Every structure is written in structure tokens, then in C-alpha cells.
Amino acid sequence: TMVEYPFNFPELKPYEVRLRIAYTGLCHSDVHTAKSEWWDVKYPIVPGHEVLGIITHVGADVQTLKVGDRAGFGPIRFSCDTCNLCLRGNTHLCKGNVAPEVHYLNGKYFGGFATHIQAPAKTCIKIPESLPDDRTPPLLCAGLTVYSPLKRYVKAGDSVGVIGIGGLGHLAIKYAKALGCRVTAYTSKVAEKRDELIKMGADEVRSSVDLDDLKAGAESQNFVMNCLYTNNKDQMNAFFGLTERGGTFCQLAVPPKGEGMNINLSRLVMAQIQLVGSLSGSIKDTEEMLEFSAKHNILPDCE
Amino acid sequence: MESTLKHSIYQHTDIQAADAVAKAFIDKTPTMVEYPFKFPELKPYEVRLRILYTGLCHSDVHTVKSEWYPAQYPVVPGHEILGIITHVGSEVQNFKVGDRAGFGPQRFYCENCKACKRGAIQLCNGNLAPETLFLYDPYFGGYATQIQGPAKACVKIPEALPNDRTPPLLCAGVTVYNPIKRYVKAGDNVGIVGIGGLGHLAVKYAKAVGAHVTAYTSKVAEKKDELTKLGADEVRSSVDLEDLKTGAGTQDFVLTCVYVAGNQMEAYVNLVANGGTYCQVALPAHGEKLNLDIGRIVMGQIQVAGSLTGSIKDLDEMLEFSAKHNILPDCE
Chain A
34 TMVEYPFNFP ELKPYEVRLR IAYTGLCHSD VHTAKSEWWD VKYPIVPGHE VLGIITHVGA
94 DVQTLKVGDR AGFGPIRFSC DTCNLCLRGN THLCKGNVAP EVHYLNGKYF GGFATHIQAP
154 AKTCIKIPES LPDDRTPPLL CAGLTVYSPL KRYVKAGDSV GVIGIGGLGH LAIKYAKALG
214 CRVTAYTSKV AEKRDELIKM GADEVRSSVD LDDLKAGAES QNFVMNCLYT NNKDQMNAFF
274 GLTERGGTFC QLAVPPKGEG MNINLSRLVM AQIQLVGSLS GSIKDTEEML EFSAKHNILP
334 DCE
Chain B
774 MESTLKHSIY QHTDIQAADA VAKAFIDKTP TMVEYPFKFP ELKPYEVRLR ILYTGLCHSD
834 VHTVKSEWYP AQYPVVPGHE ILGIITHVGS EVQNFKVGDR AGFGPQRFYC ENCKACKRGA
894 IQLCNGNLAP ETLFLYDPYF GGYATQIQGP AKACVKIPEA LPNDRTPPLL CAGVTVYNPI
954 KRYVKAGDNV GIVGIGGLGH LAVKYAKAVG AHVTAYTSKV AEKKDELTKL GADEVRSSVD
1014 LEDLKTGAGT QDFVLTCVYV AGNQMEAYVN LVANGGTYCQ VALPAHGEKL NLDIGRIVMG
1074 QIQVAGSLTG SIKDLDEMLE FSAKHNILPD CE
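Heads up: the sequence lines are chains A and B, in that order. Going by our numbering, the first sequence runs without a break in its numbering and finishes at 336. Going by our numbering, the second sequence runs without a break in its numbering and finishes at 1105.
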């Protein structure tokens, strides 16, 4: 149940900024969260973690941003900066005794479904000039989530398979193509979507649901990005089977809690395969992703 | 039934006419016999080695007993070989007679497939039959007085390394060095699970790259002192599930050098911290599954990987590193 909720902010802390919000993206995680599907939420909550706006207030210690700057927030609100994960640049994986409510943008704090947001400046990102207000917000979570693993794992010339062409998947196609990869899009609606996906940048379009076709494509991709999750074990195994020797299978879509995947350990060793997870990205990744998106004119298709 | 002394490549002869003598296994008992033989003519791209020392790897045992696949008897195992070059094919540029050199588990690679082009020649699948890729079966391996094989799979042995203790590095050493080089940085917390042939070398390499090393063993009380001397900063149980649980999320890199059926494998994966990597090097029997909690893998940004021996370049690098840091296997 959604209501209008006028509110006052607590006093601005020296390390915080306030943004007047111009646009906020909707991520599927917001839906899961608002419906208490992942954990029991303390209502009232204000979701939204793909936020773009103009800085209106700047705390006394803030050096990197000023009033009038166009800036945004992604899913992360805070990181300790002292744990070994933060020190390695993985601020989004911070484990420095920072409670999830403090680490994530919304949950305990109010997120982007509001006229204004107030949060630490160190997780606030300047938006490159050439990116438009209205289509940039989804990059701050979805864009980051697919850009970050692509940057970690692929080189120009790699074959990349993107499974599930939704919010994450369609951006993955664009980034992978811009990085010089040969992209195969795996979709449940090959006939309907083929033209659209080729226009988007896919070199090939194949089925994500036809098990025989998936098996025929075994070991064809150096990097597989799975942007969906299914509890159909045969399908998940067929996705994993797309990974070639020495390649990497990357799971991005978060499954329901406790879901398992049985993998063939012999194959993992003999073919030297990596099965990895990836979760959003650091602030540095976000800045790099925005620069890259501006340079290659990569924007989400919005409705 | 065809005599298991007849071989498709080598000519079984009497000792006077033989080029070399092997210890060959003629059935899966396994039954071992002396096997004098002649090599086929040396190819232009091959070298022949007079063997000084050969290491024994567990894979050799699995192979001669036909545990992994039906071996083609007679089989001459041994793929950790050190010796002196005695013959050099006409096209061979990087070796000469008298060089001290060795072979690891690989015999050949195509250089054209994707894996080879990326440098991971140990993953070569360029439409070559496994028999061509691996050092032995049907070719003869290191349980012989001499071996003949492609020069491109042969490695020079750095001067500082001793004859008798270097051979195990050529398989066991590279098998653990490869993933440690790829995944470990100085200051990492590294867990080595299973301290046998692979594991004890892994402890030494991980320590030498500057990691904080925890050795997980089934015999904590017995082995604590020995493993601490080897370089382990901490020694913990690999079989006590409760203790493994308390160690969950403590290691940036876990290298598993054993395979055990059941919950223990999952407990080993759970040792990995957020942003960390789990790597399996020990081969299970075919078809063994590892059950992964995918939610944890995604939310923790965890990598779960396998690793298989290494390339010739990895072998060269591993030998240099071992010479520099004085890393040798403890041999019996």
C-alpha cells in the first residue's frame, strides 16, 4: 500500500548532501523489498535506488560536490572504508561491521521515491554532462550491475552470452558490444525479439528455454551472464554448459534464499571454469560505467 | 586375447636390442613388468631424455588401475620427469644435448584452438584425442630409463633446483602454483584444505607470495607442529563441521586439494569471504556434484573455480619461483 508521506529530514551531517530528485528508476529489487519478499521490512519504507537530481545542501566536510551539481545515488549508501574489502576497492561488499540498513540506500533510510534524498556524499556520484536526466537513473543500479563484471572478466574479441534480456540483459548486450565482444542474446522469445535484439547489438539470438538448442551451444561462450534465475535445474545446468574451457559463468539475478545449484565438479576442474556471482559495484565502478556510457552513448530503453 | 606386452607405438624387444627399459603395467591389478623397448624414429620436433628421477602422482595410480577410464595396456605411467637430453630433433631450437630438462603431464597441444591462443595450453581441445594431449597412455611416460616427446612440452630446469626433489614440482607444483598466482595477493587470508602432495606445496607457495595461511587437515593434533614449520600460520580441522562453520567467511582464497563426498565440500566453499574465491584442484571421481548456494554466491560476489595443472609458461615461471624461494616438495 502506497501513501503520500510529507516528512522532515534529520539535521544534515557534515559528510552528507541533499539532492532535489529529478528522476528515480524502478528496479525489481524495489518490488521484492516493498513486498517484504526478501526480508521483513520495517514500514514505512521508501524504495528507489537509481536516483538522479540536483544538489541543494552540502555538509561542512564535503569537498567533492557543491550546490547545483547534477548527481545521483545507486544502491549503496555507506561503506566503512577500513575493512579489507573496502581497502581493495570493493566498497559495495563492505563487511566492516556496517549493518545492511546502513550500507544500502533504502530500507531504514528513505530512498528515491521522494522529492528529495539526503545521504553521505561519498556514495553520491557526479553525472557526466552528456547523459540525459530521464534515461540515466537505471544505469546507477542496472547499468552498474552488468558493467562491473564485464569490466572484470572480458576482453575485446571474447564471446559473451547474455541470458535473459530484461532490464539487466539489454544493457549487458550494449556494454559487451561496445567492449568489442561477440554477443549472443539468449531469450525466451526468439522469433518475436530477434530483430529488436540485433538492432540492440546482439550478433546472434538464441533460445534460453529450448534445452536441445542450449545443449547444441555447449562450450560456445567465453563469458556467460545469467540475468535470470529459474528453479528448473536442467535449464540452469544448460546455461552453465554454455561456458567454454577456461571461461566464466556469472550469475547476476539473485535467486530466492537457499536455492542451490548442483554443478559437475570434474568439469569445473578439467575445464578450468569459474562460476561467479556479481553484485552491483563500487562507487569507482559507477563513475567508470557512467563515463563509458556517455562515451559510447549507452542508455537503457525506458518505458 | 591379445598379449598385453604388444604395443602400438613402441617395439617390445629383448634387453640387448632395447633403447630403453620401462616399468610397464600390463593389467589393472596392477601387475608391473620390466619392459625393454625401442623408440620409434625421433621426429624433427622431438627430444629424447635420459631419465634421472620420476615423481609418482596419485593420477598415475588411478590410471594404471583403470579407475578413470580403461587404460591401454601395457601402460608406462609417470609424468613428473627430470633428466638429461640425449637426442634432439632437427627442428628443435630451444634444447641441446646435455641440457637438464623435464616433462610434466602434457605431451602436446595444437596452438590453434581458443584455449591455446589464450595461453592455457593445458586446456587444449583442438580436436586432438586425449591420447595425444597427455604425456602417457598410449605413449610411454616416466617409469622408464628414457622418454621421447615433443620439445615444446619439455621445460629447462633452473640450475639451483636439485635432481631428486624437483620432479613433483612438474605436476603437483604447477597445479597449485597456477591458481595461487592467478588468485592470491600479498596480505590475503588463504586456506589450504588437505595437506598431501598438492596441499603441502600450496602452503609453501601461498606463504612465499605473502599470504596468511591456514592449513586445514584431518589430523590437527598430529600435524600441527609439522604444518607450522612448513609455513602455516594457523592449523585447523578439515573434518570437524562445527569448527569449519565457525571459520565461515574467513578466507579470501580457499584451495581445496582433497575431494570428500558430502557436506564437507560445501563447508569448504563457505570458508570463503565476500569477494573471495574457492578453487578446486583435486579431481573427484566422474560425475561428482558440488552443491552451491547461489544466493550467497551472488550477494557475496564469490568465485567458485576449478584449476587444471598449467601451461608450459606456468611451468617455467613456477620453476623460477621455486628456485628463488627454495620451495621443494617433502619427499619420502
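Honestly, the hints are just simulated from the structure, not real lab data. You may find that some hints are simply not true.
In silico lysine to aspartate or glutamate, EDC-like type, Cα no more than 16 Å apart, as pairs [claimed, not checked]:
id, chain 1, residue 1, chain 2, residue 2
1, B, Lys1018, B, Glu1039
2, B, Lys801, B, Asp787
3, A, Lys290, B, Asp1066
4, B, Lys1097, B, Glu932
5, B, Lys887, A, Asp267
6, B, Lys925, B, Glu864
7, B, Lys980, B, Glu995
8, A, Lys46, A, Asp94
9, B, Lys1062, A, Asp267
10, B, Lys954, B, Glu864
11, B, Lys980, B, Asp1013
12, A, Lys266, B, Glu1007
Being a predicted model, the structure only gives us computed values, none of them experimental.
The hints, checked one at a time:
| no. | hint | verdict |
| --- | --- | --- |
| 1 | B:Lys1018 x B:Glu1039 | 10 Å, holds |
| 2 | B:Lys801 x B:Asp787 | 24 Å, violated |
| 3 | A:Lys290 x B:Asp1066 | 8 Å, holds |
| 4 | B:Lys1097 x B:Glu932 | 11 Å, holds |
| 5 | B:Lys887 x A:Asp267 | 27 Å, violated |
| 6 | B:Lys925 x B:Glu864 | 11 Å, holds |
| 7 | B:Lys980 x B:Glu995 | 21 Å, violated |
| 8 | A:Lys46 x A:Asp94 | 9 Å, holds |
| 9 | B:Lys1062 x A:Asp267 | 14 Å, holds |
| 10 | B:Lys954 x B:Glu864 | 33 Å, violated |
| 11 | B:Lys980 x B:Asp1013 | 24 Å, violated |
| 12 | A:Lys266 x B:Glu1007 | 39 Å, violated |
Checked against the numbered hints above, the structure violates hints 2, 5, 7, 10, 11 and 12; every other hint is satisfied.
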